[in-house]
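Asks: For chain X, the structure is supplied; the task is to place chains S, G, C and W with the ligands on it using the hints.
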Amino acid sequence: MPAPVQGDLRSRVETHSSVPLWRNIYVLRAVTQIAAALLIVGLIGFLLNNLFVNAEKRGVDLGFGFLSLRASIKISNAAIPYSPDNSYFYAFLVGVVHTLRATLLGIVLATILGVLVGVARLSHNWLVQKIFAVYIGAIRNVPLIVSCYFFYFGLVLRMPITKEAVHLPGPIFLSNRGVYTIWGEPTASFGTWLLIVLAAVIAGYFVRRALRNRETRTGMPSYPNLAALALLAVGGVAGWLALAGGGEPPLLPSIPVLKGTNFRGGMRMTPEYFALVACLTVYIATYIGEIVRGAIQSIPRGQLEAARAVGLSEIHVLRYIVIPQALRIIVPPTIGQYINLTKGSSLAIVVGYADIYVVTRNIIEQSGSSAPMFLLIIATYLLIAAVYSLIGNLYNRSVQIVER
Amino acid sequence: EDATKPAGYGHRLEQVRDRGKILCADNTELVAWSWIDEDGKNRGFGPDYCRAYAAAVFGDATDDNWEIVNITFAERPTVMQSGEIDVMTIANTWTAHREVHWGNFVDIVHYAGLGVISSKDSGIVPNDWQTLDGTTGCTGAGTNYVQMAADMESEYGITFELALYEIGGVRDAYDAGRCDFVLTGSDGTGSFVRQLTRSTPDDHNIWTSVFGKDPWAMLVPHGDDQWFDLIRMVGWILVNAEELGVTQDNVEDMFANSPSVKVQRLLGAEGTWGQDRLQIADDVAVNIIKEVGNFGEIIHRYYSAEAEEKGWGFYRERGPDNLYLRGGLMYVPENT
Amino acid sequence: MADRASVTGVADVADQVRPPVASTGPLGWVRANLLDTWYNALLTLGVLVALYYLVRGFGGWVLLTAEWAVLTQNLQVLLVGQYPDEEIWRAGAVMLALPFVLGLGWSVWPGFCRRLAISLAVAAPLVAALPVEFASLAAGFRVYLLLNTVLVGAGWLLGRSTVFGSARSVLATWLVLFLGGLVFLRGFAASEALPFVGTKQWGGLMVTLLLSQAGIVISFPLGILFALGRRSSMAFVRVACVAYIEVLRGTPILALLFVTQVLLPLLLPDWMDMDRLTRGLVALILNNSAYMAENVRGGLQSVPSGQLEAARALGMRVHHITARIVLPQALRNVLPAIVGQFIILFKDTAVISLLGLLDFLGTANAILSGRQQWFNAEIEMFLFVAAVYWVFTYAMTSVSRAIERSMSKGVG
Amino acid sequence: MAQTGDKANGQGHEERNGIIVVRELHKWFGDFHVLRGISMEIYEGEKMVIFGPSGSGKSTFIRTLNRLEEHQRGDIFVDGIELSADIRNIDAIRSEIGMVFQSFNLFPHLTVIDNITLAPMLVRHLSKDDAGTLAMQYLERVGIPEQAAKYPGQLSGGQQQRVAIARALAMQPKIMMFDEPTSALDPEMIKEVLDVMVELAESGMTMIVVTHEMGFARQVADRMVMFDEGKVVEIGTPKEVLEHPRHERTKQFLAQILT
Amino acid sequence: MAQTGDKANGQGHEERNGIIVVRELHKWFGDFHVLRGISMEIYEGEKMVIFGPSGSGKSTFIRTLNRLEEHQRGDIFVDGIELSADIRNIDAIRSEIGMVFQSFNLFPHLTVIDNITLAPMLVRHLSKDDAGTLAMQYLERVGIPEQAAKYPGQLSGGQQQRVAIARALAMQPKIMMFDEPTSALDPEMIKEVLDVMVELAESGMTMIVVTHEMGFARQVADRMVMFDEGKVVEIGTPKEVLEHPRHERTKQFLAQILT
Ligand SMILES: Nc1ncnc2c1ncn2[C@@H]1O[C@H](COP(=O)(O)OP(=O)(O)OP(=O)(O)O)[C@@H](O)[C@H]1O
Ligand SMILES: Nc1ncnc2c1ncn2[C@@H]1O[C@H](COP(=O)(O)OP(=O)(O)OP(=O)(O)O)[C@@H](O)[C@H]1O
Ligand SMILES: [Mg+2]
Ligand SMILES: [Mg+2]
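Residue numbers (the numbering used here), protein chains in the order written: chain X, 1 to 404; chain S, 1 to 336; chain G, 1 to 412; chain C, 1 to 259; chain W, 1 to 259.
For reference, chain X alone in the conformation it holds in the complex (with noise of 0.2 Å):
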């Protein structure tokens, strides 16, 4: 006998006395259904109703056509080419660029602080574990903005100026007008010697699988990452040389030199991206650490006992036991930190970095057209959480501990 279709009215119709319709739990449970979309249909559309009706009797633009105007605002240190002659689309977009710039060092950075966090909360050493406890109940118990303030204004702005600037090895020079260092200037030749290091690389991609071939065949260490280090090093260093003997070398320094009272040449890290992305990297990273530690305390002490029992060495019970079990527990609710840390990045106007948000507060008191420009910016935060989460997900399917 086939199965009737669940909840079929049709199947009820052997029934022998028949069920009046506000009794009837099928009518009942349709009918709710029914009130409730309308009850959410009417909602949204009373809202859009509303938002036209305001719009058309307040003057307020809501289409999309200004994004392709001339943007006509200044945007400093962009990190793409950008030109007031470009449209206010384009300049969102360098706030999209700059935003991520921000978010994605925030994270490697905020990664690494985290596992020292984790690992220090973990450490033998009592006065490290508690500086380090101090720290977190220190900067996880006040405000995001609070600490940007503090980081960029009380902080940042009181490093020396430009002339008195801290001069570390390197050159790196240190002062409130950011961090300058040392930076390669490409001539004709990197083009060649870029092809030559790309050379070395895929050389070295081979040579180290065959090494790694050979060492678990045979056992015998072989230093397979060691030995293809070192053929790109000397690739990169041959090409070099060849290149700088048969003319000019593929970079010539471009050092940091103070003109005026701005440093020329040289690489910089302006002191708002530096401020913005420390106070992210503070903040979150206080929360990977108690992730970090959370996942590496759970791991059964008996994991390390087997381990160390059959002989393994420490680093290699770190290496084989501790990180790929604690690392299953880790990255989910890292990149839920990740997400967090994309939007504490709308911040950076309180230290004056021009983020997506700050670029787009700009376009809309140039144009005025604010329900369009939101409608973008929340289009854009939910677009990269969905990627990360998407990465999470992938991460999480890919190492899943298969159980009965």
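Please keep in mind that the hints were generated in silico from the structure rather than gathered at the bench. Some hints here could point you the wrong way.
What the hints assert, rightly or not - On the chain X side, residues computed to face chain S include the following (Cβ under 8 Å):
| hint | residue |
| --- | --- |
| 1 | 70 |
| 2 | 73 |
| 3 | 74 |
| 4 | 138 |
| 5 | 140 |
| 6 | 161 |
| 7 | 177 |
| 8 | 181 |
| 9 | 260 |
| 10 | 272 |
| 11 | 358 |
| 12 | 365 |
As the list claims (entries may be wrong) - Calculated pairs, BS3-like style, for lysine-lysine (alpha carbon to alpha carbon, straight line, at most 30 Å):
| hint | chain 1 | residue 1 | chain 2 | residue 2 |
| --- | --- | --- | --- | --- |
| 13 | S | 290 | S | 41 |
| 14 | C | 174 | C | 150 |
| 15 | C | 174 | C | 231 |
| 16 | G | 200 | S | 120 |
| 17 | S | 213 | G | 200 |
| 18 | W | 239 | W | 251 |
| 19 | X | 163 | S | 120 |
| 20 | C | 150 | C | 239 |
| 21 | W | 174 | W | 150 |
| 22 | S | 290 | X | 259 |
| 23 | W | 128 | W | 150 |
| 24 | S | 41 | X | 57 |
| 25 | W | 174 | W | 128 |
| 26 | S | 41 | G | 200 |
| 27 | C | 239 | C | 251 |
| 28 | W | 174 | W | 191 |
| 29 | X | 259 | X | 163 |
| 30 | C | 174 | C | 239 |
| 31 | C | 251 | C | 174 |
| 32 | S | 290 | S | 120 |
| 33 | G | 200 | X | 57 |
| 34 | S | 120 | S | 213 |
| 35 | S | 290 | G | 200 |
| 36 | W | 239 | W | 191 |
Unchecked claim - Here are some chain X residues the structure puts well away from chain W; computed CB gaps all over 10 Å:
| hint | residue |
| --- | --- |
| 37 | 97 |
| 38 | 298 |
| 39 | 313 |
| 40 | 316 |
All C-beta atoms in this analysis are idealised placements derived from N, C-alpha and C, irrespective of residue type, glycine included.
Replies: Same frame as chain X, now just chains S, G, C and W with the ligands:
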């Protein structure tokens, strides 16, 4: 009832009366212009104007019938569009775009150009725009200076770095040496930096050369001529009172005793220049001046040596905002 | 027994053997915790040196360099914002609800509230004894601080002796005091005794505390609704709730605040005007209820289906099952997460200062910018602001931790 | 034992009206056909024991009787009320039938007494006092009145199951259903629960019990039903079923569980 | 049974060299004195069963032997190597001793075969192929070669413990230590694990087994040791200890566990 109103007259005045309170948009970050004192009171040039409007509508300004709605610069267009406030007293540069998109600007209360204050350390030569090339400037985020800076660069073929902050941050950043110059109103009114130029005058150059105009004016929402006229009249009354020598102290006396026809007309003895049409008291000028004094007194309250002494503002020369009769640009029609 | 001791012969001796000295006592502790390997010893040394300089530098700054006048001069504004002078007693009275409720809580949940209540009772007189001048706050301020201590005690006694002594009545008392407090602060247009004071004039720490409490009171039930909606059998409701939750969780609070500040007036009909503070509150609630929904959902999932079946078999209706069987268990299971969410909400309220609203942080910023006198007091001000936020957050964190501990002990 | 007289003629009930009447009952989980046409009549005061291999649909069957599961085909009448889409009928039937689960399913956040009084107060609208008196009465009946103020988590499994029985009884149902009430219990506890059930049976309650406690079945059951693959394989008095099973499947199964 | 000849003279090993020699071993956890002067010699090929009440220090004792716990006083020599702070000695000793835990402690993120080959490859530098062959060999020995590709989570307890034994054996240790290897298992599984251990014992491996499976002890042990409160109370052949215990404490304890 609409039929009884002239075309273009709206309900703003009724709304304000029903509400019992006039809402003025401003913020609290600009020394002399608008701030909050130790007792939590809003003070400054903007709030004084708000009080004047309250006195015009309600007869006097109490703590309850005027309110400073605190907004940020970037919120200005949207607050105007939503129509939630009655008049904007924030330090507002009047531009053509804003006139069309934001609302109706009333007469100018402050004349300036987009000027520069640069630090002497920076090597920037005052009034030489080319020397800004390669330097760093600071200015307020979400202001039209951001656009004017772009124009300035293309005009002179220079590039400089521009760091943007909320107004308070501009001063901090410049003070700390984060930037070499500040883009601001040409007499410094628009930024706290003027303050620094007073405490350490030798360290700064205030440029006399300006890049374009930077007129400040109050602003009302589009679409209500009656309200626009009322707000505008308050401004005229303040200036005319100064011209006629009517002050906070002598206004009652002048009202009672002044033989001058012009004074009597201003103070409403005749009641003929349109008070009825605006639905305000005949002696509206008396109420206003009792509340805040005349235009000159307001200026004096915030831009004088005494103000600086008290910490309420700072000293500056009275320039274009002086009366037309004394060589300035404050030129308003008569109350006839 | 005696013959057992002689079996190995050495056992007698063994009983007298003491552990090596270096592994017990303070010395052992230091060795085990600070110096157990050479690199740990080095680390300890380094940390100690750094700590010394830090403490010396910071301590010196706090005691000698810092100018704390910015706080003492502006304390009133920092606490209650622009609330009118002659009505300020109302703000003071409302803020006294906190010590009272804390005192009540102490008698009902000694595990969670005791330390907080005692800390407040002790700290208030200490602050009152500080040798500083609280500028615009009259001498009565010291008495006011002492009142805090008194009210903690009063709450405690009341909670111990009368019908107030149950969790439900503490929560009810708090809710009544909070809502009553709002009305009391606002006053009535027609009233002589309690003249109207609009939210525009509310500010400072008071607003931060009120906002977060209002946020909690409203977003908590909303979050429950959305969580239930997300598990609803009605596809449409489920989809709508998922969309709501995911969109609002993915949007930064700052963007959301700007949207409510700017777009809400456009989304609502003319007759529904909201003041700026309320619009800020709406943003906080939107965001927070989405997170709350996710927390509650976790709790709902932890309630075994057998509970529902048992209730259904007893003939209970859906709303009764939800209210009496499922929710109590679900919420209890995720209580620490919920408190954690309250903490996040509290911290998030600081962001509304960027919209020009004069909450605690906004007031602090306004003070720093408004007068030349305070131009260089940022560090003092931000340290104070951070410290105040820290105290409140820390208090909530410790409550959350105490709850977690008692739950892991399995106390009903 | 008031009812023991019935036992002898387990199948001789035709003259009486079934308090539960099931006709051609079918149920699917998705495409999986769990109940494949079950017809059965259970008489007032009868004790029916259901047994059979795991997955044969025993639990599903009794759960359809009070609409914890929906059936797709066939009719169920309980005390003359048809179990249909009519929400009033569903409510009425649920308050006629008390149910006890394998895993107790007590409400862990309520005390024992609150567990018992909750439904009478909410569904039968009893006052708190009346419900309390009633609850104590049933708690005494199951032998643990002294545990009234404790939380379920503080009780042993056997005590919890007895509270669950008291909770079901407090709704004063005409029929009690038990789904393997003792299989989550330790041996000593099994006995204390079975004792309560025997006592209940002796009081004349109509009972449907899914269990593999054959001792209990022999002592109490009027009839026994063997389920297999969603069908009734064998039905009859304990004597008939246990000692002279007619079907190969029953023999096999009994051989397994009786060792 | 190659080694059974030894059984009779459980204490007559003095002429042979102990592969494990323990002298006056003391250990404290903080102030708590867990091991109170243990001296013992275990000979090559000997099977030593350790038993005693819970908390008597059995686990702690065998865990000090491969430095999973540090001892504070006394000497331990394993196959002539002294167990000191010297990390090289520790590593050497650990690869001499295989250990099997009560709770299996397999690595859940690795397949069975990877669990077994990990240490041989990392520590003994075997090639992957060699390690794999070795692993399959031991998996066959413990009777579950077909499970090689599964994850531990997919195996029954008994199978997991057998993998754990194979994992320890794959390091080709001279000595195997078992800490209550069967006490987390169901009865049928206990048997499959004990069978593997008996087979291992018969192959001549030196074994130290903490267990209360007295059947196993009687069948396999050369000597048995009774621990109590961190001391050795009684030591001797299974016959001596089980049938004629000399000490009251032993009698008591045996009476308890043999019922
Ligand atoms: N909600 C469900 N969805 C899908 N299949 C189900 C569901 N509940 C039960 N089943 C399946 O229906 C079949 C009958 O289950 P049921 O619990 O009624 O068996 P049972 O006879 O009570 O077995 P047991 O003795 O194990 O309790 C089983 O195969 C089970 O897997
Ligand atoms: N890491 C530790 N820290 C403190 N005390 C410990 C630690 N490990 C074990 N102990 C204590 O040392 C004593 C001996 O423990 P041990 O595990 O060696 O006993 P056991 O004889 O193996 O008992 P069981 O049969 O329960 O396994 C116990 O009292 C135990 O509580
Ligand atoms: Mg079942
Ligand atoms: Mg043990």
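Asks: Each hint needs a verdict: does it hold in this structure or not?
Replies: Taking the hints in turn, this is what the structure says about them:
1. 70: 10 Å, violated
2. 73: 5 Å, holds
3. 74: 4 Å, holds
4. 138: 24 Å, violated
5. 140: Cβ of residue 140(X) sits 26 Å from chain S, so the hint is violated.
6. 161: Holds, about 4 Å.
7. 177: Nearest chain S Cβ about 6 Å off; hint holds.
8. 181: 18 Å, violated
9. 260: With a minimum Cβ separation of about 5 Å from chain S (threshold 8 Å), the hint on residue 260(X) holds.
10. 272: Given a least distance of 7 Å, the restraint on residue 272(X) holds.
11. 358: 7 Å, holds
12. 365: Given a least distance of 5 Å, the restraint on residue 365(X) holds.
13. 290(S) to 41(S): With a Cα-Cα distance of about 19 Å, the restraint between residue 290(S) and residue 41(S) holds, given a limit of 30 Å.
14. 174(C) to 150(C): With Cα atoms ~28 Å apart, residue 174(C) and residue 150(C) stay inside 30 Å; holds.
15. 174(C) to 231(C): 26 Å, holds
16. 200(G) to 120(S): Measuring from Cα to Cα gives roughly 43 Å; hence the hint is violated.
17. 213(S) to 200(G): Violated, because 34 Å separates the two Cα atoms, which is more than 30 Å.
18. 239(W) to 251(W): 13 Å, holds
19. 163(X) to 120(S): 14 Å, holds
20. 150(C) to 239(C): 42 Å, violated
21. 174(W) to 150(W): Holds, because 28 Å separates the two Cα atoms, which is no more than 30 Å.
22. 290(S) to 259(X): 57 Å, violated
23. 128(W) to 150(W): 18 Å, holds
24. 41(S) to 57(X): Roughly 35 Å between the alpha carbons, so the hint for residue 41(S) and residue 57(X) is violated.
25. 174(W) to 128(W): 23 Å, holds
26. 41(S) to 200(G): Within the cut-off at roughly 12 Å; holds.
27. 239(C) to 251(C): Judged against 30 Å, a Cα distance of about 13 Å means the pair holds.
28. 174(W) to 191(W): 24 Å, holds
29. 259(X) to 163(X): Roughly 10 Å between the alpha carbons, so the hint for residue 259(X) and residue 163(X) holds.
30. 174(C) to 239(C): 26 Å, holds
31. 251(C) to 174(C): 33 Å, violated
32. 290(S) to 120(S): 45 Å, violated
33. 200(G) to 57(X): 27 Å, holds
34. 120(S) to 213(S): Holds, at about 25 Å.
35. 290(S) to 200(G): Roughly 26 Å between the alpha carbons, so the hint for residue 290(S) and residue 200(G) holds.
36. 239(W) to 191(W): Satisfied, since the Cα-Cα distance of roughly 22 Å is no more than 30 Å.
37. 97: Since the minimum Cβ distance to chain W is about 38 Å, residue 97(X) lies beyond 10 Å and the statement holds.
38. 298: At roughly 12 Å from the nearest Cβ of chain W, residue 298(X) sits farther out than 10 Å, so the non-interface label holds.
39. 313: Answer for residue 313(X): violated, closest chain W Cβ roughly 7 Å.
40. 316: The assertion about residue 316(X) is violated, with a minimum of 5 Å to chain W.
In terms of the numbered hints stated before, the structure departs from hints 1, 4, 5, 8, 16, 17, 20, 22, 24, 31, 32, 39 and 40, listed from lowest to highest.
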